[in-house]
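Trainee: Following the hints, complete the assembly by docking chain V onto the known chain H.
Protein chains in written order, with the numbering used here: chain H, 1 to 352; chain V, 353 to 704.
To be clear, the hints were calculated from the coordinates, so they are not data collected in a lab. Since we're looking at a predicted model, the values are computed, not measured. Wrong hints could be hidden among the right ones.
One-sided and incomplete, this derived list gives chain H residues near chain V with beta-carbon spacing under 7 Å [claimed, not checked]:
{"#": "1", "residue": "VAL52"}
{"#": "2", "residue": "PRO194"}
{"#": "3", "residue": "ARG196"}
{"#": "4", "residue": "LEU198"}
{"#": "5", "residue": "ALA200"}
{"#": "6", "residue": "ALA203"}
Below 25 Å or equal to it, Euclidean Cα-Cα: the simulated SDA-like pairs (lysine to any residue) are [as the list claims (entries may be wrong)]:
{"#": "7", "chain 1": "H", "residue 1": "LYS344", "chain 2": "V", "residue 2": "ILE465"}
{"#": "8", "chain 1": "V", "residue 1": "LYS554", "chain 2": "H", "residue 2": "ALA161"}
{"#": "9", "chain 1": "V", "residue 1": "LYS668", "chain 2": "H", "residue 2": "SER114"}
{"#": "10", "chain 1": "H", "residue 1": "LYS344", "chain 2": "H", "residue 2": "GLY278"}
{"#": "11", "chain 1": "H", "residue 1": "LYS316", "chain 2": "V", "residue 2": "THR531"}
{"#": "12", "chain 1": "V", "residue 1": "LYS668", "chain 2": "H", "residue 2": "ALA161"}
{"#": "13", "chain 1": "V", "residue 1": "LYS696", "chain 2": "V", "residue 2": "ARG601"}
{"#": "14", "chain 1": "V", "residue 1": "LYS668", "chain 2": "H", "residue 2": "SER38"}
{"#": "15", "chain 1": "V", "residue 1": "LYS554", "chain 2": "H", "residue 2": "GLU206"}
{"#": "16", "chain 1": "H", "residue 1": "LYS202", "chain 2": "V", "residue 2": "SER466"}
{"#": "17", "chain 1": "H", "residue 1": "LYS119", "chain 2": "H", "residue 2": "ALA161"}
{"#": "18", "chain 1": "V", "residue 1": "LYS668", "chain 2": "H", "residue 2": "GLU175"}
{"#": "19", "chain 1": "H", "residue 1": "LYS202", "chain 2": "V", "residue 2": "GLY401"}
{"#": "20", "chain 1": "H", "residue 1": "LYS202", "chain 2": "V", "residue 2": "ALA389"}
{"#": "21", "chain 1": "H", "residue 1": "LYS316", "chain 2": "V", "residue 2": "ALA389"}
{"#": "22", "chain 1": "V", "residue 1": "LYS696", "chain 2": "V", "residue 2": "THR531"}
{"#": "23", "chain 1": "H", "residue 1": "LYS316", "chain 2": "V", "residue 2": "PRO635"}
{"#": "24", "chain 1": "V", "residue 1": "LYS668", "chain 2": "V", "residue 2": "VAL530"}
{"#": "25", "chain 1": "H", "residue 1": "LYS202", "chain 2": "V", "residue 2": "GLU578"}
{"#": "26", "chain 1": "V", "residue 1": "LYS668", "chain 2": "H", "residue 2": "LYS344"}
{"#": "27", "chain 1": "H", "residue 1": "LYS344", "chain 2": "H", "residue 2": "ILE260"}
{"#": "28", "chain 1": "V", "residue 1": "LYS554", "chain 2": "H", "residue 2": "LEU198"}
{"#": "29", "chain 1": "H", "residue 1": "LYS316", "chain 2": "V", "residue 2": "ARG448"}
Glycine included, every Cβ here is placed at the ideal spot set by N, Cα and C.
Here is how the chains run, residue by residue.
2 protein chains.
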Amino acid sequence: MFTFRRHAMPGGRELLLYGRQPHDMQPLAALPAEPPASAPYLRWHPLLGEWVAYAGARQGRTFLPDASACPLCPADAGRLGEIPFADFEIAVFENRFPALTAGEGGVAPIDGISVSAAKGRCEVVVFSADHGSGLGALPLDRLALLIEVWGARVKALRDEAGFAFVLPFENRGEEIGVTLHHPHGQIYAFSFVPQRALMAAKAQVEAPVVVRLIDELPRALLLDEEEAALSFVPPFAMYPFETWLAPRRRVAGPDALSAIETESLARLLGRAVRRLDGLFGRPMPYILTVQAAPRGFEDSFHMTIEIRPFRRDSNKLKFLAGVELGAGVFLVDVSPEQAAARLKAVDPEAGR
Amino acid sequence: MFTFRRHAMPGGRELLLYGRQPHDMQPLAALPAEPPASAPYLRWHPLLGEWVAYAGARQGRTFLPDASACPLCPADAGRLGEIPFADFEIAVFENRFPALTAGEGGVAPIDGISVSAAKGRCEVVVFSADHGSGLGALPLDRLALLIEVWGARVKALRDEAGFAFVLPFENRGEEIGVTLHHPHGQIYAFSFVPQRALMAAKAQVEAPVVVRLIDELPRALLLDEEEAALSFVPPFAMYPFETWLAPRRRVAGPDALSAIETESLARLLGRAVRRLDGLFGRPMPYILTVQAAPRGFEDSFHMTIEIRPFRRDSNKLKFLAGVELGAGVFLVDVSPEQAAARLKAVDPEAGR
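Isolated chain H (complex conformation) (with noise of 0.2 Å):
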């Protein structure tokens, strides 16, 4: 259980905190609105059938402040920030350079190609007030208190706005192009279910495939296992030292997680990141994304956390080249066998 205050930013953007504590601190200054931008739009790619996303605002975002000028840390007398509070469990927060919005977009035809108002909602998850924390650092209970954001901020756009898909998910590291190092996710709510998510959503309506895969997975792949989900190296891994995490039970999203079944995932994810940073003793640069079901998919569909680190040794980068981005094969050096007893043999408890 946790509490939620809702607080209107310059220029109507929300900020909404959530916590175990009730949150009742007094709003300080906060950062000034953005001029607005134009509109973010959409064309279609006629060869490979998905919505490209233009959103030109983006290029000025902010790239690498230093830490004291952190935008994602709590406001104070001396500093303006994204969140105007002097302290806070964790924050959700509008983009303020979003890649979709609520506006209707004013959008340049082009003969052949279809287009389309970037609609949507691109939200910012920062995790913790602490500035150099992170997810292999975080206390159990943040962590726990992550998913059920994750799970409220699903309910809330998906079933509540009516978007189609919504992905949490986090970029960390600035080899990846993270441009912010205050630990933080973001959420993106999309209008059009993306032609990947739809694969992955369409191939359980024909088969229980995560389902499947969590009953019959070999021992060789498993890395921890909780009373109420388990994570593991997932056979087909696309990444050097890829790692799910799932429930047991098929849960269709964050949104429709037990207590139980938080507590697990939120102990699993803590260790995972621990064994991903252990790895090489640096941190590990991912992106971790949660999959949740799409709107209508509810029924069929088995969540998955996935974790896809970008260091394949302890000073070689895993890039996506010509054959990942022009063919769609990706390229593994290392099989899924050989990173899942690497990882299981990192300690993730080390240093705790």
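Mentor: Same frame as chain H, now just chain V:
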């Protein structure tokens, strides 16, 4: 027209020398054969409907050697290289660390996940004996020869050896993980048609998407025109400054180009790379792919040469992150029309 010499390397790998002049040099000592490694294999990703390739031996591949130890430079008395000749025009040889092989591959079956030998062929294409060259610096006739070599390899691998899909490509720039600086590309021949190539091919069976795009291309997106080909930013570009080249006539692949089409594309190719290099005054990291018809789609496919650049601003790289890799939706900061205007403002002959 080109001449062609076949040379057997230690361990049975093939080296092919293409040139305008007959190649009759005596071979020097060659790098010894690699000890046999575990064969690569494929596993089916049941959610995404795509094969994933596992090739453990690639983890040990040569990584950013000094120029003095470059394995792609012509061999000389003091150093062994991949190409055991004192000079060459364009050299093609089988990759020492292949992700796809002719072998059967011992494959451990896993319940519920299809597996297969990774049948195919991986070739390295060295564009020039000059370590410091690149597509933007090569003379026109060498670029034309390169396009002819791509055509010869597509013909040999798809039409004669019977592979389903052949992808010539170049990964350029240490920023995107290139492990050897000497100017070179690669060719992958697949025994199956990857999902992404299949979608693009099927889309063109249903409607002449690329033909129409070229016929109706807005002037604002056109970069350069030659007698038989043109270069442009596609209206559905997924990367900032993405650049496509295509013959005006519908040609299914580089194997079917006329001499004048080859020359037009060669002119456009050098110019496109110089525009990208000139944009921020430094070499542009990019992925270039030659999209040729998969086997069976020769009657409807329109070939393109596609360059995906990875610098979005003078000191900022474009990274793919949660939304691109987790949902498959590309976010682009620069509109195709702005990208084309900025590329057109670069003088592609400056400093030549």
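Trainee: So, for every hint listed, does it hold in this structure?
Mentor: For each hint, the structure was consulted:
1. VAL52: Since chain V brings a Cβ to about 5 Å from VAL52 of chain H, closer than 7 Å, the hint holds.
2. PRO194: holds, 4 Å
3. ARG196: holds, 3 Å
4. LEU198: Hint violated; LEU198 of chain H Cβ to chain V Cβ min 9 Å, cut 7 Å.
5. ALA200: holds, 4 Å
6. ALA203: holds, 5 Å
7. H:LYS344 / V:ILE465: Within the cut-off at roughly 23 Å; holds.
8. V:LYS554 / H:ALA161: Given pair LYS554 of chain V, ALA161 of chain H is violated - Cα atoms ~35 Å apart, limit 25 Å.
9. V:LYS668 / H:SER114: Status violated; Cα separation ~30 Å.
10. H:LYS344 / H:GLY278: holds, 11 Å
11. H:LYS316 / V:THR531: holds, 10 Å
12. V:LYS668 / H:ALA161: Roughly 35 Å separates the two Cα atoms, so the pair is violated.
13. V:LYS696 / V:ARG601: It holds: about 24 Å lies between the C-alpha atoms, which stays within 25 Å.
14. V:LYS668 / H:SER38: holds, 22 Å
15. V:LYS554 / H:GLU206: holds, 23 Å
16. H:LYS202 / V:SER466: Status holds; Cα separation ~18 Å.
17. H:LYS119 / H:ALA161: Holds, at roughly 12 Å.
18. V:LYS668 / H:GLU175: holds, 12 Å
19. H:LYS202 / V:GLY401: holds, 11 Å
20. H:LYS202 / V:ALA389: Violated, at roughly 38 Å.
21. H:LYS316 / V:ALA389: holds, 21 Å
22. V:LYS696 / V:THR531: violated, 31 Å
23. H:LYS316 / V:PRO635: holds, 22 Å
24. V:LYS668 / V:VAL530: holds, 18 Å
25. H:LYS202 / V:GLU578: violated, 45 Å
26. V:LYS668 / H:LYS344: Violated. LYS668 of chain V to LYS344 of chain H sits at ~36 Å, over the 25 Å cutoff.
27. H:LYS344 / H:ILE260: holds, 24 Å
28. V:LYS554 / H:LEU198: holds, 19 Å
29. H:LYS316 / V:ARG448: holds, 20 Å
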